[in-house]
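Got chain W; can you put chain A on it based on the hints?
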Amino acid sequence: MRNAIRARIVVPLLAGLMLLAGVPAFAQIDFTGIYQGNTNSEDGPERAAGPSLVEFLGLPINDQARQWGLAYKSSRLSLPEHQCQVHQVSYIHRGPFGARIWEVRDPVTHQLIAIKEAINTYEQERTIWMDGRPHPSPNAPHTWMGFSTGVWEGNMLTITTTHIKQGWYRRENIPSSDEQTTIEHWVKNGNVWTHISVTDDPIFLTEPLIKSEDLNQSPNTNFNPFWNCEYIEEGERPRGEVPSYMPGENPWIAEYAAQHNLPQEVTLGGPETMYPEYRTRMKTLPVAVFKSPDEISQGAVPAPAAPAAGPRGGGAGAGAAPPAGGGARGGGARGGRGQN
Amino acid sequence: MKRSLYRSSALVVAGLLMTAGLSHVSAQQPIRTARQMPFPKNPDWSKLELDVLKVQGQVYLIAGAGGNIAAQIGDESVLLVDTGYEQMAPKVIAAVRKLSNKPLRTIVSTTLMDSHTGANGLLVKEGRQIDNTGPGLGGRPNEADLIGSARLSAIMTSVGRAKISPDRWPPSTYPGKSKDLTSNDEAVIIMRIPNAVTDGDSLVWFRKSDVVATGEIMNTANFPFIDVEHGGTINGILDGLNTVLEITVPKHNQEGGTMVIPGYGRIGDEHDVLEYRDMLTIIRDRVQNAIKKGMTLQQVKALKPSVTYEYELRYNRDPAWTAEMFVEAIYRNLSVAK
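Taken in sequence, the protein lines are chains W and A. Just so you know, we're using our numbering here: the first sequence kicks off at 1 and counts up by one. Just so you know, we're using our numbering here: the second sequence kicks off at 1 and counts up by one.
If you're looking for bench data, these hints aren't it; they were derived computationally from the structure. Mixed in with the good hints, there may be bad ones.
From the structure, some residues in chain A lie toward chain W, with a derived Cβ separation under 7 Å [claimed, not checked]: (1) Leu-50; (2) Leu-53; (3) Ser-165; (4) Leu-274; (5) Asp-278; (6) Tyr-309; (7) Glu-310.
Far from chain W, some chain A residues (derived; all Cβ distances over 10 Å) [as the list claims (entries may be wrong)]: (8) Ala-63; (9) Gly-74; (10) Ser-77; (11) Lys-98; (12) Gln-129; (13) Gly-139; (14) Val-159; (15) Asp-227; (16) Val-228; (17) Glu-229; (18) Leu-238; (19) Glu-255; (20) Thr-281; (21) Met-295; (22) Glu-324.
Backbone N, C-alpha and C fix where the C-beta goes; we use that ideal spot for every residue, glycine too.
Looking at chain W on its own, in the form it has when it is part of the complex (with noise of 0.2 Å):
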C-alpha cells in the first residue's frame, strides 16, 4: 500500500520532472575529456602527408566539383589571405588532431545547455548547443566551425550543423561550399570516440559524403590549444593576382593515376568511384601515363590526353602543353599549411 501511494507521486513526479527538463536531461554519455587522432593507423596519406595533385577519388563529386580542383594551382595557398585558412568542420576531424570536450551546464539546475570542442589544429573551439535554440538566419555570419545543434539519440549524440564557410572535401583539390549541411553522430565504446559525419552539399556533391574517425581518449590531461598562424608575404606578385589553370592546361592531371598505376578516370573521382562494382570497371580502363613539363619541354612525348570527362562526364581536358615554368606547389605560413 505504502508502495503504491509512493508511486502515484512519483510517477507524475518523474514525468513533470522529464517535461521541465526536456530531452537534454537523457544524455546517456558523457564524452568529456582530451581526445587524439588514431593517425597513424587510419586514412594515413590524408591525415598526414596530405594527399597528391588530383587525387579525387572515392569522392561523391559533381563535375563543378571536378573542374574546381583541375584548374587549382597550389600557390593560391601562398596568397597571404590563404595561408591561415582553417579546415572547416566537416573536414577538421580527420587530420592531425586533438580535441578538449567538455559540457557548459546551467549552474542551478544542471541542464545541459551546450558541448564545448576545442580543436587544436588551427585552435578552433566549437559550441554545439544542446538547448533546443533555433539555427540562426540566413544572413548570418558563416564560420569555419558553422553553428551546431545537439540531440541525443539514445547513447548517440547527433549534431547538425549549419552556416559553414567555403572549404575543401580534399586539402587542396576540391572545394566544399558554404551551403553544405553536416550530420554528426558521435559515439563512444570505452576509450574511442567514433566520429561519424554525413554531409550534403548541393553545389559540390552528388551524395552525401560520409566519413568515419575513431579518436581515443587520452589519460594525459596535457593539451595545446595553440596554433599559432601568422601569414607572411612570399615574394612580390601583381595587386589582386590569383594563380589558377585555365581549363585544359594543368599539366599535374596525370601524375598520381600514373605513379599508382591507376586509369586516369578513376582519380577524378565521382559517386561510382566510391562502390565496390567499379572495379570491374576499372579494370577495363587504361592506366595513365604521365610526362612531367620538364619532360615534354625536353622533347619527351606528351603525355596522351586524359579522358575529356570523369566517370559522370563533363569536361577535365588535360594532356595539353604546360605552361612554361609549370605549376608552383606549396606555400605556407608560418604555423600554417603543410602539415596536414
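Okay, now just chain A, sitting in the frame of chain W:
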C-alpha cells in the same frame, strides 16, 4: 496492484522519453544551410519581411528591402548605407525606429540600382539634420543628408528624372577618391570604387565598428552585376574587392575581425570576400585568355566547360542576370580595354 502501477509508471516514462526524443529528432531533420537566393521578381511587397541582424559595434544589417542596408545606430543619430526599394520604405522606417528613436541624419548611396536607392526620397524626408520640427540648418529642409559620389549623381542626372526621381539623386557629392565624416563618434570613410558595377560606386567603412559595407561589388547570391552602359567593368569590381581585402583584418585564423556587409546576401568577413574575389579573378582571366587567343564572344560563350562552369550552381541563380550575361559583360569590358 503494485506491479501494474509500476508498470504503468514505466510506460508513462518510456512514452515521454520517446515522444520527447522523437519530437526533437523530427525537428532536427529539416535543418539545412539556407541557399542564398536573389531578390524575388515582382514580389507581393506586403508579404516581404525584413531581417535585422546586429553585425558588430554600432552597425546593423537590414536585409530584405532589396539590396542590403547597413544601419549605424548611435547615441546621436542614425546613418544608413542605401535604402532599398521604394515599396519597402515603410518597413525600413519601422525597422530603424525599432533600433533607435534618434534622428536619421545621414544616408549614403553606394550605387545606382533601384534596389539600393529606390527609397532615397522617402527616407531623406523621414530624416532630419537637427532635432526639431522647424527648418534645417541655414534654412534648408530639415531632412537627412544624402551622400554619393559625384559620378553617381552625374549618372543619375544623365539617366534622367523620368526614370530616376530627382529626390533619389544625392545632393551631397564628393568628387575625389573618398569622403570622411564622423558619425556617432565613429570615423566613417566613404571610398569611391571607379568603374565597378557602375562608375559611381562607393563602399563605406565604419572604422570603430570594424565593418565594411561593400555595395554591389559583392553579392553572395549572384555574380556581380556589371552595368556596362554606366561605366561598369569587371576590373573595377576586382579593384574594389582587392581594396576590401586590404582594409579587412581577420581576428583569428582568417575568420571574424572586420565584418563585411555585401550589397546583397549574407554577412561575411575577409575570407568570404577572398573566395568571391578569387572566383571573379579566375573567370576574368579565362575570358582574357580567350580574347588573347582571338576568340569571338560567341566562341567564348560556346566553350565547354564554360568559363563560369564550376561556379554556376552557386552563383547563377538570377534569371535577370545570368552567367552568360555576366560573361558577355566581361568580354565587352576586356575587348575595349585591349
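Comparing the hints with the structure gives:
The interface hint given for Leu-50 of chain A is violated, since its Cβ lies 10 Å from the closest Cβ of chain W, which is over the 7 Å cut-off. A hinted interface residue such as Leu-53 of chain A counts as satisfied when its beta carbon comes closer than 7 Å to some beta carbon of chain W; here the least separation is about 6 Å, so the hint holds. Nearest Cβ of chain W to the Cβ of Ser-165 of chain A: about 29 Å, over the 7 Å cut. The hint is violated. For the restraint placing Leu-274 of chain A at the interface with chain W, the shortest Cβ-Cβ distance is roughly 5 Å, inside the 7 Å limit, so the hint holds.
Hint on Asp-278 of chain A holds. Least Cβ distance to chain W is approximately 5 Å, under the 7 Å limit. For Tyr-309 of chain A, the shortest C-beta to C-beta distance to chain W is roughly 5 Å, which falls under 7 Å, so the interface hint holds. Nearest Cβ of chain W to the Cβ of Glu-310 of chain A: about 4 Å, under the 7 Å cut. The hint holds. For Ala-63 of chain A, the shortest C-beta to C-beta distance to chain W comes to about 5 Å, within the 10 Å cut-off, and the non-interface label is violated.
Every Cβ of chain W is farther than 10 Å from the Cβ of Gly-74 of chain A; the closest lies at roughly 22 Å, confirming the non-interface assignment. Distance check for Ser-77 of chain A against chain W: the nearest CB is about 24 Å away, which clears 10 Å, and the non-interface claim stands. Here Lys-98 of chain A stays apart from chain W, with its beta-carbon at least about 16 Å from theirs, past the 10 Å limit. Remark: the non-interface label on Gln-129 of chain A is consistent with the geometry, its nearest Cβ contact in chain W lying 31 Å away (cut-off 10 Å).
Every C-beta of chain W lies more than 10 Å from that of Gly-139 of chain A, the closest at about 41 Å, which supports listing it as non-interface. Chain W leaves Val-159 of chain A outside its interface by the beta-carbon criterion, the shortest separation being 30 Å against a cut-off of 10 Å. Against the 10 Å criterion, Asp-227 of chain A stays outside the reach of chain W, whose nearest CB is about 21 Å from its own CB. Every C-beta of chain W lies more than 10 Å from that of Val-228 of chain A, the closest at about 21 Å, which supports listing it as non-interface.
Once the 10 Å rule is applied to beta carbons, Glu-229 of chain A is consistent with being away from chain W; the minimum gap is 25 Å. A beta-carbon of chain W comes within 10 Å of the beta-carbon of Leu-238 of chain A; the shortest separation is about 6 Å. The beta carbon of Glu-255 of chain A is not kept farther than 10 Å from every beta carbon of chain W, the shortest such distance being approximately 6 Å. Thr-281 of chain A, annotated as away from the interface, has a beta carbon of chain W within 10 Å; the closest lies near 4 Å.
At the 10 Å boundary, the C-beta of Met-295 of chain A stays outside the reach of chain W, the nearest C-beta of that chain being 12 Å off. The beta carbon of Glu-324 of chain A sits about 16 Å from the closest Cβ of chain W, which is more than 10 Å, so the claim that it is off the interface holds.
In summary, the numbered hints that this structure violates are 1, 3, 8, 18, 19 and 20.
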